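Peer 1: Spelled out, the chains give:
There are 2 protein chains.
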Amino acid sequence: MPGKNAFYAQSGGVTAVINATACGVIETARKHRAQIANVYAGRNGIIGALTEDMIDTGKERSSTIAALRHTPGGAFGSARYKLKGIEENRAEYERLLEVFRAHDIGYFFYNGGNDSMDTAHKVSQISRKMGFPVQCLGIPKTVDNDLPVTDNCPGFGSVAKYVAVSTQEAALDVLSMAKTSTKVFILEVMGRHAGWIAAAGGLAGSEPGDAPHIILFPEVPFNKRAFLKRVRECVNRYDYCVIVVSEGARYRNGKFLAEAGTRDAFGHAQLGGVAPVVAQMVRDNLGFKYHYAVADYLQRSARHIASATDVKQAYAVGKAAVEFALQGKTAVMPVIKRVSDKPYRWRIDEAPLSRVANKEKMLPRRYITKDGFGITEAARRYLQPLIRGEDYPPYVNGLPKYVTLKNVSVAPQLKTKFVV
Amino acid sequence: MPGKNAFYAQSGGVTAVINATACGVIETARKHRAQIANVYAGRNGIIGALTEDMIDTGKERSSTIAALRHTPGGAFGSARYKLKGIEENRAEYERLLEVFRAHDIGYFFYNGGNDSMDTAHKVSQISRKMGFPVQCLGIPKTVDNDLPVTDNCPGFGSVAKYVAVSTQEAALDVLSMAKTSTKVFILEVMGRHAGWIAAAGGLAGSEPGDAPHIILFPEVPFNKRAFLKRVRECVNRYDYCVIVVSEGARYRNGKFLAEAGTRDAFGHAQLGGVAPVVAQMVRDNLGFKYHYAVADYLQRSARHIASATDVKQAYAVGKAAVEFALQGKTAVMPVIKRVSDKPYRWRIDEAPLSRVANKEKMLPRRYITKDGFGITEAARRYLQPLIRGEDYPPYVNGLPKYVTLKNVSVAPQLKTKFVV
Chain A
1 MPGKNAFYAQ SGGVTAVINA TACGVIETAR KHRAQIANVY AGRNGIIGAL
51 TEDMIDTGKE RSSTIAALRH TPGGAFGSAR YKLKGIEENR AEYERLLEVF
101 RAHDIGYFFY NGGNDSMDTA HKVSQISRKM GFPVQCLGIP KTVDNDLPVT
151 DNCPGFGSVA KYVAVSTQEA ALDVLSMAKT STKVFILEVM GRHAGWIAAA
201 GGLAGSEPGD APHIILFPEV PFNKRAFLKR VRECVNRYDY CVIVVSEGAR
251 YRNGKFLAEA GTRDAFGHAQ LGGVAPVVAQ MVRDNLGFKY HYAVADYLQR
301 SARHIASATD VKQAYAVGKA AVEFALQGKT AVMPVIKRVS DKPYRWRIDE
351 APLSRVANKE KMLPRRYITK DGFGITEAAR RYLQPLIRGE DYPPYVNGLP
401 KYVTLKNVSV APQLKTKFVV
Chain B
1 MPGKNAFYAQ SGGVTAVINA TACGVIETAR KHRAQIANVY AGRNGIIGAL
51 TEDMIDTGKE RSSTIAALRH TPGGAFGSAR YKLKGIEENR AEYERLLEVF
101 RAHDIGYFFY NGGNDSMDTA HKVSQISRKM GFPVQCLGIP KTVDNDLPVT
151 DNCPGFGSVA KYVAVSTQEA ALDVLSMAKT STKVFILEVM GRHAGWIAAA
201 GGLAGSEPGD APHIILFPEV PFNKRAFLKR VRECVNRYDY CVIVVSEGAR
251 YRNGKFLAEA GTRDAFGHAQ LGGVAPVVAQ MVRDNLGFKY HYAVADYLQR
301 SARHIASATD VKQAYAVGKA AVEFALQGKT AVMPVIKRVS DKPYRWRIDE
351 APLSRVANKE KMLPRRYITK DGFGITEAAR RYLQPLIRGE DYPPYVNGLP
401 KYVTLKNVSV APQLKTKFVV
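Going line by line, the protein sequences match chains A and B. Residue numbering for the first sequence is 1 to 420, as defined by our numbering. Residue numbering for the second sequence is 1 to 420, as defined by our numbering.
Simulated from the structure, these hints should not be mistaken for lab results. Quick caveat, the model's predicted, so the values are computed rather than measured. Among the hints, a few may not be true.
[Claimed, not checked] Here chain A is said to cover these stretches of chain B; the calculated rule only asks that three of the stretch's residues, wherever they fall, bring their Cβ under 8 angstroms from a Cβ of chain A:
1) 163-169
2) 286-296
3) 397-407
[Unchecked claim] Pairs of lysine to aspartate or glutamate, EDC-like flavour, derived with a Cα cap of 20 angstroms:
4) B/Lys289 / A/Glu259
5) B/Lys401 / A/Asp391
6) A/Lys406 / B/Asp210
7) A/Lys401 / B/Asp391
8) A/Lys406 / B/Glu207
[As the list claims (entries may be wrong)] Some chain B residues close to chain A (C-beta under 7 angstroms, calculated; not the full set):
9) Gly73
10) Gly74
11) Ala79
12) Asp173
13) Lys179
14) Thr180
15) His304
Note that the Cβ used here is the ideal one computed from N, Cα and C, for glycine as well.
Take these sequences, add in the hints, and give me the full structure.
Peer 2: This is the structure we're talking about:
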């Protein structure tokens, strides 16, 4: 009897290395065809399962699958789509399992953040209740690095490296021009609730006076007076001031410095544009010439400057999820366990999805300097290994050679349509 | 009799490779000590000469000078400071020559854009008139690629590569999320008057439907109706739309889409913030979810993704300027002469400063598609070789190992102060 099929879906914001995880899943599954006949991927994530729009990864050559390891974005499409609670929308879960049954899917690999881990957990519960047990494995992914239990999240190391390198480079530029031009440079980075990405900017400098001179974290209530005082001090002392600001920077009352007022599918406030707000504050109060950059998607898609550590870990969690499934496990997620800082050593461990779902891990206070504007040595010890190593994609004619899949559809088996 | 000293200054906005030019100047000069005793660098560019604040590059080890080749920013400081016309401010020219005379400077290497070539040209004229002839050599540098005569400008190839790679990567990200998230992504790039940098974004895609779908050039008057129509068509046809917009994009009446209203030292309007303007236009008229990135200084300091072609050329123009000086030439600038497209071949040629000074080279109309939103095959043929090759800096602990010079001051010889 051939093995059951596996379903793999990417969820939420993509990263520079989520495809490395897909590569780990598919390559490992291909080594165990007796247990896993084929890997179907959801076109646009979980929506592909609900609408029975799945991709047959078996149609892709092994060299193409291997190239996923160095290709950013989500190769099968990802989705910001959260299944509601079972009580609220039982129909979605039933539909999912109907599709899984129709395609003989016995394994569900869900590659995402804490919302997705919640979904995977619910699917594992309901599938058992409905008498069609599916092994549900969460696979961590998020640039925000805010999943609990795991030491860090695949996707974070690369965005951290991008932000650290970009801060270092822009600082050299600003410093060399500060005499007659820009004195204050502001880099806006991601991190809606947790300041991990902003903290990574702190790796750019290590000596007193090095940029960045100020980091604005979501975890530290914004104090305009203290901030402006520090900017002035920096310009007086070092001739320039480099600021890394998290999109989630907020006032004591919880109001974001820049709230667009719109909300995404998960109900989170959609942010953007904190850099110009900070820039204007500097100009209006201090009169310094400023410039700002908004890294936005560039930071999370920058596979060209990915962390080799991150790429390895992204692959490893994909591989481990399949191995856990083959061992009969369900409702678990592979996590990265740090064994030592120096030398940096890590291994893959497992955590029950119930411990991961819907929880956020903030930057601990001990990672932030007392004044709230920088990172501590403890933060450096934690962050530094995660950006280590370069893993360049191959280039042709000056551009990275990223792969595009054929993404051949699996023939639908059901007569019913499902509208999401 | 020992040779005379040389004075080298960086001018205007720095680039990822201007230090590679400095490296070419200093390494070449060091091979001809009989003619060039030492290279003094202006601290903060020409201001360092006026204020007699010069750096003794002779105090730096050869390994440090070699590391300039892979270090972005301006190692000695650059300045946005334009000498006025000789009639308007003769005192500045006299002071410059007073300093040159006091330090036995017989060679003036000025590394900058068209304003700086004008200055170098004037200094060569006045020094002869004043009976203290200094050999003045311009060395091209500008990310804007807008200098005439030279086929391209050192600094441009690297920003072009950064923009092309970033567009390619962000497009993969946006495409994979477009079903449920962002449909329109806007990347703002530099290029105040000339659309060369925006055009480089076009290298990211080559097939119909590939991103970027729209490029907004300064050379093409912005037509809101045609633009919005194209955005809608793209989203309908490809599910997403990637836009690269030059900071210099403007309406038919010459008004910039985003004019900050302030002006820099050269009297140019200081721009910034066209991306949010375009984003809001898309949202208000079409309702699509959007994101935008502002690359700002990240693009011109991104030595980590420099073009190997650019690094070679940046070094070559520095080396050639010294060689021209040794041959007794003055009032000339080394230019890059393209010998062939395929295979790409180039050599260094020379151009009189009078032909370069104060002239801007716009993107020719034949490089822009008929509809005004893309680049032609001719543009690709021109641009493509300039981004070719990777030249990675060395890394330590996950970060590029950029060099910082000691920048030891040359002892002042003059009793007079000069205030700029």
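Peer 1: Against this structure, judge whether each hint is valid.
Peer 2: Hint check:
no. : hint                : verdict
1   : 163-169             : holds (count 5)
2   : 286-296             : holds (count 6)
3   : 397-407             : holds (count 5)
4   : B/Lys289 / A/Glu259 : holds, 15 angstroms
5   : B/Lys401 / A/Asp391 : holds, 17 angstroms
6   : A/Lys406 / B/Asp210 : holds, 16 angstroms
7   : A/Lys401 / B/Asp391 : holds, 17 angstroms
8   : A/Lys406 / B/Glu207 : holds, 16 angstroms
9   : Gly73               : holds, 3 angstroms
10  : Gly74               : holds, 3 angstroms
11  : Ala79               : holds, 4 angstroms
12  : Asp173              : holds, 4 angstroms
13  : Lys179              : holds, 4 angstroms
14  : Thr180              : holds, 4 angstroms
15  : His304              : holds, 5 angstroms
Violated hints are absent here; each numbered hint is respected by the structure.
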